[in-house]
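The chain contents come next:
2 protein chains.
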Amino acid sequence: MKLLASFLFLALGSLQAQDPLPSWNDTAPKKTIIAFVERVTKEGSPEFVRPEERIATFDNDGTLWAEQPIYFQFAFAIDRVKALAPQHLEWKKEQPFAAVLSGDKKALVASGQKGLMQIMAVSHSGMSTEEFARIVAQWFATARHPRFNRPYTDLVYQPTLELLAYLRANGFKTFIVSGGGVEFMRPWVEKAYGIPPDQVVGSSGKLKFELRDGKPVIVKLPALDFIDDKAGKPVGIQKFIGRRPIFAFGNSDGDQQMLEWTASGAGERFMGLVHHDDAEREWAYDRKSDVGRLDKAWDEAKAKGWVVVSMKDDWATIFPLAK
Amino acid sequence: MKLLASFLFLALGSLQAQDPLPSWNDTAPKKTIIAFVERVTKEGSPEFVRPEERIATFDNDGTLWAEQPIYFQFAFAIDRVKALAPQHLEWKKEQPFAAVLSGDKKALVASGQKGLMQIMAVSHSGMSTEEFARIVAQWFATARHPRFNRPYTDLVYQPTLELLAYLRANGFKTFIVSGGGVEFMRPWVEKAYGIPPDQVVGSSGKLKFELRDGKPVIVKLPALDFIDDKAGKPVGIQKFIGRRPIFAFGNSDGDQQMLEWTASGAGERFMGLVHHDDAEREWAYDRKSDVGRLDKAWDEAKAKGWVVVSMKDDWATIFPLAK
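For the record, the sequence lines run as chains Y and U.
Letter by letter, the first sequence follows residues 1 to 323 in this note's numbering.
Letter by letter, the second sequence follows residues 1 to 323 in this note's numbering.
Treat the hints loosely; a few may be bogus.
Treat identical chains as interchangeable: a pair holds within one or across any two.
[Stated by the list, open to error] Derived lysine-lysine pairs resembling PhoX-like cross-links, with alpha carbons at most 25 Å apart: (1) 92 with 105; (2) 173 with 191; (3) 296 with 215; (4) 92 with 114; (5) 302 with 215; (6) 230 with 215; (7) 206 with 230; (8) 191 with 42; (9) 106 with 92; (10) 31 with 302; (11) 304 with 31; (12) 304 with 208; (13) 105 with 288; (14) 230 with 304; (15) 92 with 82; (16) 230 with 114; (17) 215 with 304; (18) 296 with 208; (19) 106 with 288.
Everything labelled a hint here was simulated from the structure, so no lab data went into it.
As the structure is a prediction and not an experimental result, all values here were calculated from the model.
Kindly generate the complete structure, drawing on both the sequences and the hints.
See the structure below:
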């Protein structure tokens with residue numbers, strides 16, 4: 001097997017010689033990432049981490065793909081309400097549905113958290129998980145982003161795609177840990193990110209196993225089961241992954257506790273935040289990922305030396321639009 | 001790279017020539033398993049299943065390891081109550097704890113579901129997830145099974161160990177889907193079965209992220225979050241895996257809905273049940289995995305042609321005891 005080993009060595013050598021992150025500028029974040037990966041994968045070094053422990057977790061909205069002008073899942077929910085409206089004539093006079101159907105943004109915002117939950121419930125429950133996956137896939141095949149006039153899945157970030165692939169090539173297991181709905185993400189993330197459904201941690205509604213026309217189905221119920229955001233993210237990581245990440249990437253306060261949980265483990269750690277400061281190629285909402293307040297994760301990142309990635313300065317390419 | 005491909009081909013060829021399931025007798029179950037795996041992995045055949053879809057789910061208690069005279073997790077809980085008793089002098093007069101401490105089985109059974117939940121709560125909550133993992137690991141290092149006088153982890157089944165390895169060698173992703181506690185299983189299943197923590201689906205209690213002495217911890221709360229048993233198993237599969245298995249193995253009614261869910265998908269399927277009929281080498285509780293009733297899964301298995309594995313007739317070895 002000596003000859004085989006030599007061939008593998010040569011093959012790996014030529015892979016390493018290529019730039020693993022070509023869409024990243026040669027600035028500090030890229031260097032820090034590569035140095036981290038080289039440290040934890042170097043056998044025999046004190047910083048070496050066994051492949052089994054190489055868990056990397058990524059937020060989705062604002063970290064792996066865009067989240068403006070509204071979360072894409074909410075755009076889906078609104079389109080879904082419109083598609084269902086002909087079967088619900090009463091919605092013309094009922095909030096928050098009337099606001100959605102007439103495009104009345106002010107009334108929609110006024111409906112608040114309760115209105116949001118009603119929109120999510122009618123668009124995300126009642127059907128089987130398989131029916132929902134089909135509805136989601138069909139939406140992605142036809143819906144277009146209002147600014148870029150392209151499928152929403154075109155608005156994934158090329159640099160984090162490369163980062164996911166680079167980590168996997170170095171023995172990392174890559175997970176999504178998102179506040180978004182797990183059933184909304186699973187139909188497309190494998191193709192978009194190379195992340196299989198069982199490596200997606202997200203918010204979820206309650207499910208029920210039952211027989212419909214004699215066939216087993218799993219039905220999505222109109223009740224929240226788990227919110228995978230803020231302090232829910234370390235909990236979601238424990239529930240679904242059962243190991244503390246050594247590498248975590250986010251972009252807002254929704255990710256702060258995930259980053260704290262990652263940072264507080266023993267040994268080498270990498271914590272990163274994507275900074276939205278590129279109005280021309282993406283958006284420049286800076287620290288305002290939520291309405292009316294400033295993300296605090298940035299203060300902690302600065303105080304603790306987490307890596308802040310400027311989309312403007314550190315990313316040579318944003319979207320893989322040219323296909 | 002042609003030479004490399006030839007070497008890999010030769011290496012794979014020599015692996016295939018070995019018997020992948022040496023602890024299985026040459027009876028129908030072994031032949032059915034091997035024929036199934038060969039069908040779904042044969043590229044270009046109509047039965048071919050993409051590696052991404054090759055999901056295999058295994059019950060744990062009674063399928064991957066023994067479950068007599070009581071579930072091993074309950075043996076852990078009882079030992080834990082005894083270990084904590086010096087800090088809880090009131091337990092001497094309080095049920096169900098008094099029954100545990102005095103070994104009064106009748107009083108313990110009389111405490112019913114409520115008593116069971118109290119024992120599980122005091123033994124499984126209050127500490128951080130990391131502390132609990134250490135407590136579990138320590139118990140496994142010292143506790144001995146009453147009949148075999150060996151560590152409980154010696155009572156895994158050699159034939160299903162070989163089956164897990166055989167499936168993985170053929171591109172399957174192997175998962176545990178157990179009514180047992182996920183935090184109880186994770187500390188040892190990677191070493192015992194080669195299954196990483198994120199591929200363990202089980203019952204769980206609620207968790208809370210908080211700071212203790214300024215350090216982030218995840219605390220196990222004394223409240224049930226999810227019961228991964230019976231109709232909960234397909235739900236657990238959807239929540240944690242997000243794909244329907246094409247291969248499922250169980251041994252009791254706790255697994256019936258998992259097997260039904262697996263069976264009702266499109267394409268090739270394998271459903272198996274382990275039959276405990278070997279009093280000499282293991283136990284012969286037959287269809288009575290639960291007290292006072294007969295498992296019904298056997299009727300469905302017989303009616304639908306699921307594979308029933310007789311421990312007595314189909315397994316040449318039960319435990320990997322000779323080490």
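Against the structure, the hints come out as follows:
{"no.": "1", "hint": "92 with 105", "verdict": "within (15 Å within a copy, 64 Å between copies)"}
{"no.": "2", "hint": "173 with 191", "verdict": "both (16 Å within a copy, 18 Å between copies)"}
{"no.": "3", "hint": "296 with 215", "verdict": "between (49 Å within a copy, 18 Å between copies)"}
{"no.": "4", "hint": "92 with 114", "verdict": "within (18 Å within a copy, 50 Å between copies)"}
{"no.": "5", "hint": "302 with 215", "verdict": "between (55 Å within a copy, 19 Å between copies)"}
{"no.": "6", "hint": "230 with 215", "verdict": "between (38 Å within a copy, 16 Å between copies)"}
{"no.": "7", "hint": "206 with 230", "verdict": "both (20 Å within a copy, 16 Å between copies)"}
{"no.": "8", "hint": "191 with 42", "verdict": "between (30 Å within a copy, 23 Å between copies)"}
{"no.": "9", "hint": "106 with 92", "verdict": "within (16 Å within a copy, 64 Å between copies)"}
{"no.": "10", "hint": "31 with 302", "verdict": "within (18 Å within a copy, 61 Å between copies)"}
{"no.": "11", "hint": "304 with 31", "verdict": "within (18 Å within a copy, 58 Å between copies)"}
{"no.": "12", "hint": "304 with 208", "verdict": "between (44 Å within a copy, 24 Å between copies)"}
{"no.": "13", "hint": "105 with 288", "verdict": "within (20 Å within a copy, 61 Å between copies)"}
{"no.": "14", "hint": "230 with 304", "verdict": "within (18 Å within a copy, 47 Å between copies)"}
{"no.": "15", "hint": "92 with 82", "verdict": "within (11 Å within a copy, 64 Å between copies)"}
{"no.": "16", "hint": "230 with 114", "verdict": "within (20 Å within a copy, 34 Å between copies)"}
{"no.": "17", "hint": "215 with 304", "verdict": "between (54 Å within a copy, 14 Å between copies)"}
{"no.": "18", "hint": "296 with 208", "verdict": "between (38 Å within a copy, 21 Å between copies)"}
{"no.": "19", "hint": "106 with 288", "verdict": "within (20 Å within a copy, 62 Å between copies)"}
In summary, this structure violates none of the numbered hints.
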